[in-house]
Structures are given as structure tokens and as C-alpha cells.
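Protein chains in written order, with our numbering: chain A, 1 to 124; chain B, 1001 to 1107.
Some hints here could point you the wrong way.
Unchecked claim - On the chain A side, residues computed to face chain B include the following (Cβ under 7 Å):
#	residue
1	G44
2	W47
3	Q61
4	A63
5	Y97
6	Y110
7	W114
8	Q116
9	G117
Keep in mind the hints are simulated off the structure, nothing from the lab. Note that the structure is a prediction, hence the values are computed from the model and not measured. C-beta: ideal position from N, C-alpha, C; glycine also.
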Amino acid sequence: EVQLVDSGGGLVQPGRSLRLSCTTSGFTFRIYAMSWVRQAPGRGLEWVGFITSKTYGETTQYAASVKGRFTISRDDSKSIAYLQMDSLKTEDTAMYYCTRDLSPGGDYYYFDYWGQGTLVTVSS
Amino acid sequence: EIVLTQSPGTLSLSPGERATLSCRASQSVTSRYLAWYQQRPGQPPRLLIYGASSRATGTPDRFSGSGSETDFTLTISRLEPDDFAVYYCQQYDGSPYTFGQGTRLEI
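Between the sequences and the hints, there should be enough to build the whole structure, so can you do that?
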């Protein structure tokens, strides 16, 4: 059974950092791209960024709203994806979901499995 | 960036009725790279449809997707109680991937 478990959320002050983890099982993690998607309270979904597999160079891309502040990485030996969030702003407050990505070929990703989410609250 | 606009914002129907949800893109979504997700309260989204019309594993056949270029539709043929949720479309025709604002399907 495919499982994604998001963790690491919590309350953090503006300007500080936080690292989220996505611990996976039930599939061959190393061959999949992984994304992070967030959802502010009572709002819609916003793609945050993705990381491709090692085969495709562990390439990353990010939404403009987080580029330069957030970094996605992966540890294939542990089947874990990470989201490092620096210089956090109040508008980063959201539930953060990791996703397993599928593609018909190339960097065209949709999301077939989702973690349960971890809540990040940025407030002083 | 491709902007997706979903309509209506809220759709009020009864079990057994047919639901038609719309997703319009600000520019053409090539190769029909459009997906639909269902989100129930307190749960993560669940993939229903990809490639505009292909059902994901486990998606009941009462769900169907159609459309191309800028106009896409999700149809639920006969609503069941579990179908009342929020539905999002997503385009994956290149980064940044974007979602519509959602359609709330209520009883």
C-alpha cells in the first residue's frame, strides 16, 4: 500500500525556518518525482514545487511565491522528501501536503497520492 | 501562468441527480494535461481524472471528464452521498502547475 506521511509542521515566528518531511512506503520512491502542495486555511490548493528523480538530475522547480526561500530535497536511501522553508512569512501559513507525481513524459506532473498534510502556522 | 476558473462556485443538488462542473483555462492546455481532484472535509485531495478524461485507479465510472484546449468538464452521472465535496481542476501543461479555485458540491 502506498503511504505518504507528512511531518514537521508547527508554530513558527516570521523570518524563521522549518523543515518538513514526507516519509514514504509501498512504492519505489527513487523513480518518482515528488511535489509539495499547500492549502491556506479555508482556501484552495497551491503547488509549491517539485523535485525529479535522480535519473532526471533531481531537478527542482518552484512557485514564484516561494522561490529563493524554499528548497525541496530527497533522500532515496530513506524514501523521504523534504521541504526546507526559510524566511517564513505569515502568508506561508497553510496545510502542506507532499504528493507522488505522475507524468506522461517530461516535466508535466499531476498528483496521484497525497500525504495527510502537516500544518504550518507562521505567527509572532 | 495558466489561470483556471471553475464554475459554479457552489452547486446544490440531490443524491441521484447529475452534476456538471466546469473548468476554463486562460490559455490552451496542450495535450489535454488536465486533472480533477475531490477533497472531502479534513482530508487531502484525491485524484479522480487525469489527461482530461482518464479515470484514476479506483474512480467510479459515474465520474467522467471531457473537454480540450480551454474548456473542460467533470460530470458525475448519479450523485451519491459521498460525492458531496469540493472539486478542483489542475493543469500540468508545464510549471507553474495551477489549480482552479474549486467547486463546492453540496446537498
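Against the structure, the hints:
Restraint check, G44 of chain A versus chain B: the minimum CB separation of about 5 Å is within 7 Å; hint holds. Of the supplied interface hints, the one on W47 of chain A holds, with its beta-carbon coming within about 4 Å of a beta-carbon of chain B, less than 7 Å. For the restraint placing Q61 of chain A at the interface with chain B, the shortest Cβ-Cβ distance is roughly 5 Å, inside the 7 Å limit, so the hint holds. Using the Cβ-Cβ criterion of 7 Å, the hint placing A63 of chain A at the interface with chain B is satisfied: the shortest such distance is roughly 5 Å.
The interface hint given for Y97 of chain A is met, as the beta carbon of that residue sits about 5 Å from the closest beta carbon of chain B, less than 7 Å. Proximity of Y110 of chain A to chain B holds as hinted, the smallest CB-CB distance being about 4 Å (cut-off 7 Å). The closest approach between the C-beta of W114 of chain A and any C-beta of chain B is roughly 4 Å, which is under the 7 Å cut-off, so the hint is satisfied. The interface hint given for Q116 of chain A is met, as the beta carbon of that residue sits about 6 Å from the closest beta carbon of chain B, less than 7 Å.
With a least beta-carbon distance of about 6 Å to chain B, the hint placing G117 of chain A at the interface is held under the 7 Å criterion.
The structure shown violates none of the earlier numbered hints.
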